[in-house]
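Take the sequences, apply the hints, and build the full model.
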Amino acid sequence: GNSVTQMEGPVTLSEEAFLTINCTYTATGYPSLFWYVQYPGEGLQLLLKATKADDKGSNKGFEATYRKETTSFHLEKGSVQVSDSAVYFCALTDTGFQKLVFGTGTRLLVSP
Amino acid sequence: DTGVSQNPRHKITKRGQNVTFRCDPISEHNRLYWYRQTLGQGPEFLTYFQNEAQLEKSRLLSDRFSAERPKGSFSTLEIQRTEQGDSAMYLCASSPGVAGGNQETQYFGPGTRLLVL
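Going line by line, the protein sequences match chains A and B.
Counting in my numbering, the first sequence runs from 6 upward without gaps.
Counting in my numbering, the second sequence runs from 706 upward without gaps.
Incorrect hints may appear among the rest.
[To be verified] Each computed SDA-like pair below joins lysine to any residue, with the alpha-carbon atoms no more than 25 angstroms apart:
#1 K65(A) x T810(B)
#2 K762(B) x L819(B)
#3 K82(A) x Y812(B)
#4 K762(B) x T109(A)
Just so you know, these hints were derived from the structure itself, not from any lab.
None of the values given here were measured: they were computed from a predicted structure.
Here it is, written out as structure tokens:
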């Protein structure tokens with residue numbers, strides 16, 4: 006079945022450092038890919054999405070490119086802030102009714 | 706647009722009791738999803754509604770779980786005879802479910818955290 010694999014955390018960075026969180030997927034067909042963010046005590050918020058190969062999703066300085074040849078959707082940000090500390094989930098839509106299949110999440114900790 | 710809301714936000718119950726959660730989706734969203742998230746894991750799909758019709762249920766949804774969406778608006782998730790293993794965050798999401806670029810985007814509520822003692 007479809008699945009998503011994320012790098013294990015926590016990822017610990019200093020403010021203004023470069024961020025990469027790796028995400029690879031296994032899927033049949035042509036899923037859409039998503040990054041969601043979860044701040045402490047809150048629900049999931051959509052961060053960005055890409056619906057077809059070579060699309061780049063971007064939001065709030067975060068970017069991710071849908072790479073079909075490497076089945077990857079790595080999340081990047083050039084300069085992280087303390088406020089970016091959260092858990093980041095990579096996900097894809099299953100075919101058909103489009104339930105989301107999530108990775109296990111990667112916790113990001115940014116220190117001043 | 707007030708977003709997806711869920712009630713209650715927290716629920717503590719004793720093993721064997723029944724609990725019911727409510728989800729109010731974004732208005733005019735046709736699709737409604739329930740997910741369960743345990744500590745340190747990503748959310749896992751439970752069930753899905755297109756309007757009032759429940760179209761898919763995960764094998765995670767045992768016979769003790771039932772979900773409804775009367776009139777295609779709000780939805781309820783009931784757990785009967787709760788077990789300690791039911792302790793988790795229960796998330797609801799909705800999506801437009803109509804043709805268009807954003808039909809796949811699911812918007813999540815804040816979740817209901819259940820603790821079964």
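Now for the hints, and whether the structure bears them out:
| no. | hint | verdict |
| --- | --- | --- |
| 1 | K65(A) x T810(B) | 18 angstroms, holds |
| 2 | K762(B) x L819(B) | 20 angstroms, holds |
| 3 | K82(A) x Y812(B) | 23 angstroms, holds |
| 4 | K762(B) x T109(A) | 21 angstroms, holds |
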